[in-house]
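Peer 1: Chain by chain, the residues run as shown.
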Amino acid sequence: MNPKNLAYIRTEMLGPEPAPLSTKTISGWIRANLLATPKDTALTVIAAALLLWTVPGMLEWLFFDAVWSGSDRSVCTTIVQGGIQPDGWKGACWAFVGDRFQQFMFGRYPLDERWRPMLVAILFVALLVPMLIPKVPRKGLNALLFFVVFPIVAFFLLHGNIFGLREVETPLWGGLMVTLILSFVGIAVSLPVGILLALGRRSNMPVIRIFCVGFIEIIRGVPLISVLFMANVMLPLFLPTGWTIDNFLRALVGVAIFASAYMAEVIRGGLQAIPKGQSEGADSLGLSYWQKMRLIILPQAVKLVIPGIVNTFIGLFKDTSLVSIIGMFDLLGIVRLNFTDTTWITPVTPITGLIFAGFIFWLFCFGMSRYSAFMERHLDTSHTR
Amino acid sequence: MTDHAVIAPSEAGILRSYIYDPKFRGIFFQLLTLITVVVVGWWIFDNTVENLARSGTASGYGFLRGRAGFDIGQALIPYTSDSTYGRAIFVGFLNTVLVAVFGIITATFVGFIIGLGRLSKNWLIARLCTVYVEIFRNIPVLLIIFFWYKGVLDSLPQVRDSIALPFNIFLNNRGLAFPRPIWGDGAWLIPLALVIGIVATMVVARWAKQRQIATGKQFHTVRAGIGLIVGLPFLAFLAAGAPLTFDYPIAGRFNLTGGTRILPEFVALYLALSLYTASFIAEVIRAGIRGVPKGQSEASFALGLQPSHTTRLVIVPQAMRIIIPPLTSQYLNLTKNSSLGVAIGFPELFSTTSTTLNQTGQAVEAISIMLTVYLAISIATSLFMNWFNAKMALVER
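Keeping their order, the protein sequence lines are chains A and B. If you want this note's numbering, it's the 1-based position in the first sequence plus 652. If you want this note's numbering, it's the 1-based position in the second sequence plus 16.
Bear in mind the hints are in silico, worked out from the structure with no lab data behind them. The reader is advised that the hints may include incorrect statements.
Heads up, simulated DSSO-like pairs for lysine-lysine below, C-alpha to C-alpha not over 27 Å straight-line [claimed, not checked]:
| no. | chain 1 | residue 1 | chain 2 | residue 2 |
| --- | --- | --- | --- | --- |
| 1 | B | 310 | A | 691 |
| 2 | B | 310 | A | 676 |
| 3 | A | 691 | B | 137 |
| 4 | A | 791 | A | 676 |
| 5 | A | 691 | A | 676 |
| 6 | A | 944 | A | 928 |
| 7 | B | 137 | A | 676 |
| 8 | A | 955 | A | 944 |
| 9 | A | 944 | B | 137 |
| 10 | A | 955 | A | 928 |
| 11 | B | 137 | B | 407 |
| 12 | B | 233 | B | 407 |
| 13 | A | 928 | A | 787 |
| 14 | A | 928 | B | 233 |
| 15 | B | 166 | B | 310 |
| 16 | A | 742 | B | 166 |
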C-alpha cells in the first residue's frame, strides 16, 4: 500500500483563501442578515415589496389623511355622504375617538361624578406600581392593601350610596373601567381559588379530587361565552324567588369561575414539577399540610409557572370583552354602541373605533407580557450554564 | 422518658388522637364536602324547580320536536323555518364544525409559516413574523371578528356593483357567490375512486417502507400517492362521462340567484379565528423547534444529510413531540371560540341554541344540550390527540 497512489489524497498545497467578508460593517450586516443565500434574497425582496405595498397606504389612512378634530359626522364624511371631505376621501376618524373618549373610559357614569373612578384609578396605579417594582420593600402590606383594602374602598367609591356619595347603579358603569374591574376581580379571585382547586386535584382524598377534576374539566371544556350565558340566565333560576342578582355581579361570577379553572391547571403544572423530595422533606420536619404547602411547595411551584399565570391574566383580560355579548358595555361594548349613534355614523367610524379599542387592549396585554418576561429573568435563581 | 409508655390514654387523649389521625380527618373532610355539595345542590335544584313552576315552563326535551319558526342563513342540510328546533340546533352544530375544521386547517398552515419565519436567519422575515405574533396575540379575538366583519366586509360593494371574479364568482356585501356543482349520473364512481386511491396509497406506503428497511432503496411515496389520490378520481370522472354541470350565480339588480353563497359572517369568523389562533400556533411551533437540541442538527449535518432532509427527518419528528399537546389545546380553543359567531349573527351552535332558548324559555334544557355538545367535542378531540401523541411519543428502552 503506497499512499502516494491513492487518488483521494491531495499532494499539492491549497492556495490562500481570500479573507472572509466582514460582518461588522453595515453592508456586512445586510449581507449576513438579508441576502445570505439566493432564497433569502428572494424572501427579502418579497417582504420589502409587501411592506412598500401596504405600509404607506396604512400610514396615510391612519395619520396623514385622518381627521383629528371635529364634533360631528360631517368632518368624517365626503360631500356625497353629507360631509365636508372631498369625494373619494378615506381615512381614520380620530375626531370620533376624541369626542367620545370620556365615554370609552367611563361608559355612562354620571358626568359630575367622574372624579370617583378617576380617584380609584389613581389609587390603583399608586398601589400597583410599588407592587410591580421588585426593589420596593413591604410587599406583604402592599398586597394586603391592594387585594383586600383597595377593592372595598373602590367598591364604595364607585357604587356610592354611603358617606353622602350619590348612588351610581352598575348598568351605568362602562368602558375601560368595566374591563379593568372585571379583569381585576377575575385575577384576584382566580389566583387563590385556582390554587385551592389545583391542590384539590392533587389531593389523595377521592371525593375532593373528583369534585375538583369535574369542575376544572367541565369549565375548560366549554366556551367562556356559554359560562357567561349560564351565569346570566341560570343564576337567577338557581336562587330563591325574590332574590335578584345584579347583572354586573353575574358577569363577575362567570369570569371568576372561568379564570379559576384555567388558573388551576397552570398551578397544577407547577406543583407537578416540584420534586417529591421537597414534600417528603417538609413531612420529615413535621410540618402540617398547610404549612408544607404555604412555606415549601407553593412558593416554588408558583415561581415556576409565572409565565403561565401571566398568560392566563392576559387571556382573562382579553376575554372580558365577551361580556359585550351578554349586554354589558365594556370597552368593546361601548365602542360598538357608538356605531349606531347618529351623531357619528360614518363609513369609517366603526373601523376607527375598533382600531382604538384594539390598541388599548394591545397596550395592556403587551405590557403584561413584557413584565412577565422581566419577572422571569429577575426570579431566575437557577445556575445558568 | 418511659413515663409516656405506661400512662393509659385518657378519654380526651383518644379523642385527640382521632383529631390528629390523617385517615379519620380525611374521611371527615370528604364527608363534610359531600354533604355541603349535596345540600347546596339540593337547594339549587329546589329553587330551580320552584322558579320554573312559577314561570309556567314545562320541563323536558319535548320542545325539540316543535316548529322552530326562524330562518338560518347558512345550512349544510336542508332547513326551513318549518323544521324542528332539534334540526335547527343540529344545523348550528354542523356550522360550528365547518368553521372549526376550515379554521384549524388555515391556522395550522399560517401558524407553521409564521413560526418558522420567526426562526429564520433573514432579519426582515423574522421581524415581520414577530410583529404579526405580537399584534394578534394581544388583541381579543372578538375584536378581530368585528374588525373583519365591520371594517373589511362592510366596505364591499352592494349586490348590483358586485366584484366579478373569474369563473363566475361574485363578491359583494352579501357574501361570496360561486358556481354550485351539480353531479349527474355515475358520479358515485368518483368518491369510490378516491377511497380506492387512498387505500392504494396506504398499501404503497407500507410496501415502500418495508422495502427501504430491507434494501435501503427509497421510493417516491409522496408522488405515487398524489398520483393515486388525484389521478384515480380524475380517471373515474372521465370514465363516467364527465357528469358535472354548474349552477352559475346570476347577478340580478338586488340579489344574486343560483349558485352557492358563503355568508360574510362565515368569512369574518373564519378569517378572525384562523389569524388569531395562527399567532398562538406560531409560538407553539417555534417553542417546539427550539426545544430540539442543536446537537441533533449538527449530528445530522455530520452524517451528510442535506438541510431539507435534516429538517424533515431529524428536526420535525422530534419537535412534533413537543408541539402536539399545546397544539391540541389551540385547536380546542379555536373550536370553542367559534361560539363568538353569535356576536355577528353567524348561525353556529351557540347562536341557534340561544335563539331556541329565547323562543321556548327552556333555559336548563337548551344550555344542557349546548354544554354537552361542546364537552363532547372537547373530549373527542383530546382523546384523538392523546392517541396521536402516544403514537408519536418517544419510545424509550
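Peer 1: Now look at each hint and say whether the structure bears it out.
Peer 2: Cross-check of the supplied hints:
no. : hint           : in the structure
1   : 310/B to 691/A : holds, 23 Å
2   : 310/B to 676/A : holds, 25 Å
3   : 691/A to 137/B : holds, 11 Å
4   : 791/A to 676/A : violated, 46 Å
5   : 691/A to 676/A : holds, 23 Å
6   : 944/A to 928/A : holds, 12 Å
7   : 137/B to 676/A : holds, 16 Å
8   : 955/A to 944/A : holds, 16 Å
9   : 944/A to 137/B : violated, 48 Å
10  : 955/A to 928/A : holds, 17 Å
11  : 137/B to 407/B : violated, 33 Å
12  : 233/B to 407/B : holds, 25 Å
13  : 928/A to 787/A : violated, 32 Å
14  : 928/A to 233/B : violated, 50 Å
15  : 166/B to 310/B : violated, 46 Å
16  : 742/A to 166/B : holds, 16 Å
Of the hints listed earlier, those the structure fails to meet are numbers 4, 9, 11, 13, 14, 15, in rising order.
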